[in-house]
Structures are given as C-alpha cells and as structure tokens.
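**Student:** Residues per chain, in single letters:
Protein chains: 2
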Amino acid sequence: MYRVAIWGFGAMGSGIARNILSKYELQLVGVHDVRTEYIGKDVGNLLGLEKTGVKVYDNPIEMIKKTNPDLVVIATNSFISVVKDQIISILKENINVITIAEEMAHPFYTNFEAANEINNIAIRHNVSVLGTGINPGFVLDTLIIALTGACLNVKKIKAARINDLSPFGPTVMETQGVGTTPEEFEEGLKNGKIVGHIGFEQSIHMIAEALGWKIDNIEQVREPIISKALRETKYVKVQPGNVAGCRHIARAYSNGELVIELEHPQQVLPEIENVQTGDYINIEGNPNISMSIKPEIPGGKGTIAIATNMIPLVVEADPGLLTMADLPVPRSLIGEIY
Amino acid sequence: MYRVAIWGFGAMGSGIARNILSKYELQLVGVHDVRTEYIGKDVGNLLGLEKTGVKVYDNPIEMIKKTNPDLVVIATNSFISVVKDQIISILKENINVITIAEEMAHPFYTNFEAANEINNIAIRHNVSVLGTGINPGFVLDTLIIALTGACLNVKKIKAARINDLSPFGPTVMETQGVGTTPEEFEEGLKNGKIVGHIGFEQSIHMIAEALGWKIDNIEQVREPIISKALRETKYVKVQPGNVAGCRHIARAYSNGELVIELEHPQQVLPEIENVQTGDYINIEGNPNISMSIKPEIPGGKGTIAIATNMIPLVVEADPGLLTMADLPVPRSLIGEIY
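As you go down the protein sequences, you meet chains A and B in turn.
Heads up, the first sequence is in the numbering used here, so the first residue is 1 and it goes up one at a time.
Heads up, the second sequence is in the numbering used here, so the first residue is 1001 and it goes up one at a time.
In case anyone wonders, no lab produced these hints; they're calculated from the structure.
Keep in mind the model is a prediction, meaning the values are calculated, not measured.
Just to be clear, a hint being listed does not mean it is correct.
Said to hold, decoys possible - Computed footprint of chain A on chain B; a stretch qualifies when at least three of its residues, placed anywhere within it, have a C-beta under 8 angstroms from a C-beta of chain A:
1) 1155-1162
2) 1281-1289
3) 1298-1311
We put the CB at the ideal spot given by N, CA and C, even for glycine.
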C-alpha cells in the first residue's frame, strides 16, 4: 500500500482523491486545501461518499507530519512560479511528489533554474518528482515518443488534440476566450487573460530530448475559433460570429525546418459545426505512422487517471526530477469499478 | 556510444544491423551467423553498403571476446527452447541481451522455469535481458497498457492487428497456411505446421500483470481466411476458395468473464477484398478509449526499429529479465535518414 496525500482539493485534486480511494494499492491519508470551510472535514463526506477517517488539513507540513505519506500529489496551479515552493517544501520532508502543473511536465528548458534546483533537492533527499497529466504528459508527448519507437527514422511530427470544452466552468471559458467577440479575443491575448493551452513548449522539449533533436525556436499562434452558429452550454453562450474557443498551434524548428507541429483547438460544442473531436498523431518517417483516438481522451478524467496511476512508479523510481519519458508507461491500477 | 553485436543475420538480424549502422549513438562491432558463406565477410558489403570493418564470426563467444559489445541482439528464432541457451551464453559474459524471440516478450507464465533461470543469471552477472518486437512487444501489449494509464478503471480490452503478409517469403506463407486448401489448413493446424501468430499468451500476461488482473485461462482460435478472389504475390498464389491467411484470436478470461480479446488476422493482399489493414485498440472502461493506426505499423520495420531503439534503455536498465512494461517507452534514435 502506498500512502498518498493531496495538496489542493479543486476539480482535479478532489477527482484524484476519489480515484485514490477506489484503488487497492493506494491509501489516501490526508488532503490540504486553503478553503477554510473544508478544514477538519472528512474527505469522504466532502466527496459525497462514506466517511473515510481522512481529513482536510490547513497546513501541508502538519498534514505530512501527522500522516506520513509516501507521496504528495500537488494539484494547485499550472505554473512553476506558484508550485515550485510547494514542491520543495514536500521534498525537504523526504516525500515524493507528483504535480499536474503543466509547466512541470518538462521544465528543463523553459524554467531551467527552477528545474535544476528541484532536481538537486530531490536527489539530496532521495525522492522523485514528476509533472504529468493528459496533456502535457501523455497525448502530445509520451504517446508520440512511444510511436516513434517503431520507426527506423523520423523526419517530422504533426499532431492535434481536438477537444470539447463544454463540461468546463467559467475559469476555462475565460482563459480560452469562449464567448468573447473577435475584438475582445484579440484584447484578451494582448493582456494575457486568454492563454490557450499551457504545455506546448514542455511537450515539444520532451519529444525533442527523447529523439535527440535540437530545437532552435518555437513559434506559437493563438487564433479565435469563430462560431457560425449559436453555441450554448451551462456556463457560456456563444453568438454566431463570436468566439467558440482558441485554436492554439505550436511549431518547432530545427535548422530552419519545421520538425514538430502541435495543434490544440479547444472549443465548446464542436459537434454543432461537425468538428469530430479526437487525438491525432502523424509521424513522417520510415515507416509513416498515422494514429487517431476518437473521441479524444477526455482531459479531466485523463489527468486524474494518469496522476493516480503514476504514483507507484514515482515512489519506486530513482531520485530526481523526472519526466514521463523517463518512466515506464502508466497503467490503470486495479480497484473498485465505479 | 553503445557497442552492439548481432546473433543471427536473417531478414531481421540484417535489418537491425543496417539500422544500427545508421545510428549516431550505436556502433556495430560484430555479427554471428551460422551460414558458412558469410563467415569472415564484411557486414557492410553483405548489406550492399560501404565496407565497415565489421565482420561475421562463426562463433558467438569468440565474437564477444574480440569485439567487447555492451549488448548482443539475438535474432535467431521465436522459441525459448532455442534461444534460452544462446541468451545464457551471452549473459555469462556479462553482456546485455535484446532478443526478438516472441516467447521472450513475457515468459514468466508460459515458460516459468526458463524465465526464472535467465532472470537469476542476468542479475548475478549485473546485466539485463529484454524480449521485444512490434508484436509481441508493442502494438498488442505496451501500447494497450499505456492507453489504460489514461483510464480511471478498465473492464475489458479488445484489440486487433489486421496486417498484410504480402511482402513475406515462403516460411511465413507456410506457418500461416497461405495458399492451402481449407482441408490442408485443418491438417496443418493439427500437425503443427500452421501456427498463426506467436506471442498472444505473452501479450496477454504482460497486460494482465501490468493491470493486476488474474487470468484463469486463455483460449486460442485459428481460422482460415478463405479468399473469394484470386490473390497472387511473388511467393504464393491463392485460388478463390482457398486460404489467404490465418485469423488467429486469443481470449483471456478472469473469473469466467472475457477480459482481453486479441485478434490478429494475417493474410496476403487484404485490399483485394476491401479489408483495411490497421492496428485497433478498444478499451472498455472509464473513459472508453478507441484507438486506430491505419495502415498498421509494418511488422518487419517495426520489429527492427524497436529492437534497435531499446538498446540504450536496456544497457542502462537495472539488471534482470525485463519486459517492455518495465522500461521507458522506445524512442527513435537519431541517425542518418535513409
């Protein structure tokens, strides 16, 4: 049994808690969250399940000292600037970390100093750290790398993750610009409120490092997906002519040649305009490989699953800051089926 | 640079030799083959390339002593009964092994005693052994396992590899019964000359072990694929009404329930009857995942690629008898593109 605690009880953190509770080889021992109304409450009750005896702590270090986890899952934020100190505080207690912070999926190029510091501390404390999730972490990096393994050589990679944002709430609608006018979308890109996908640089560097490719520059484009029809979800209403989502594209060049192109158009209700969602990977090489997963692996469930399923592999791994390319592939842990 | 020698210079062994020669971080140092006409010849010349200075040896241990490889790729045979002594002779020289023998992909259940002996010797000599290839080794096991990693839970797995045998020669035609009459096909199954796919049990045990599933029994069916039309390749002619290939299906049960079904219909010229070749994986769980690769990853190139691309990972791995589920995913090594 691996003892696991969770830092952050939002949509992802609570989903990971629920998933851990279902797994035979994992034991949830504690949760930390900043929301005072949760503190001291039973995690099972908060999840609408039976009482578990596992409670929510207001201080992560106190939680660790009282519950002795083997690993803490950090599900608080996308950015290293926020999660770095959280990660380090756990490592210093000699405890392994998995985080779903997108920037941690492969931070060695994008955040070299922080990555180096985290790696050194992890090694000194003989524990390991992994940044993972469905994307970055799996669809547009690990899965691509795995498929190149069946190639004698690879010239170029083109992949797309075409998904449906309809289940997501107001925060995601805002960061993707859903429901804005084209002018508001442009403005949102400029003032940084509309960000598109976080993780393209990390995925590209993970692929390039695995393949031994030197990337000279990465160019990113964020375009509005203009809706021709009315699209309406529980959280947003998109008028015809307004923005249904953000088509975010990243292109990586090596010696002036486009070698990796990743596309991630994220929108609400794509089926209204007959857009088929899916994960698509095309490898140009010998042989060419053309893979599709239809519909796409859902983002929320996929991230919860991978963060949970990697726990035993991270606890058993050699120490240091790891990526998904350093570890065996995730596998669904056995548990109650719900 | 990893120094690599090859045992067996048939279609696969010579393909791996050619691929190794193209890779910057691999150095081919020797080849062993039993064919006396090759002995002492330059491997580059035998491959129709420039002279390499690498020669063919008639004795594998002499080759090892003279060339000091880090790893030997064994590409001689599908069966453990044949490759076991070959593998052990290499391990005893403290040298790592990759073999494409299908039965070595996951031998812990199907050949427990041999697997145990090989594992113990590998550990004692501080080296590692991996059985791999496109299938078993990748499409119907590693890739399935990886996709389950994005699932909260998995109930059932169904996968198919629908491929084209047209490029293959007389041996493959015979073991798959291509060109036989339906009566000859039945007879061939009975006398063991027609075997279908080798590796289903290994793939199933690899998946089940990764997922923590207990398999009670595996049932295998081999059916003739009767051609409606004339199908003719360089090596075989299939009359209408005769056998174009073997549809081999394996079903694994746990507590009386079908949990894994793998299908591998292998035939010549499937397009004549509008059969679309491809690799298909369907996971029934939460979420369901439906993946397809069209056309299928070609078997010969795929096996050559994976056996080559795993070399650095096997040399760097912890000692013992490993499977693809124990190691990071393969990745295409950088080299000359040809």
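**Student:** Decide, hint by hint, whether the structure agrees.
**Tutor:** Structure-based check of all given hints:
Under a criterion of three residues with beta carbons nearer than 8 angstroms to beta carbons of chain A, the stated coverage of the region 1155-1162 of chain B fails, only 1 such residues being counted. By the rule of at least three residues with a Cβ nearer than 8 angstroms to a Cβ of chain A, the coverage given for the region 1281-1289 of chain B holds, with 4 such residues. Using a Cβ-Cβ cut-off of 8 angstroms, 9 residues of the region 1298-1311 of chain B lie near chain A, which meets the minimum of three, so the contact claim holds.
In this structure, the one hint that does not hold is number 1.
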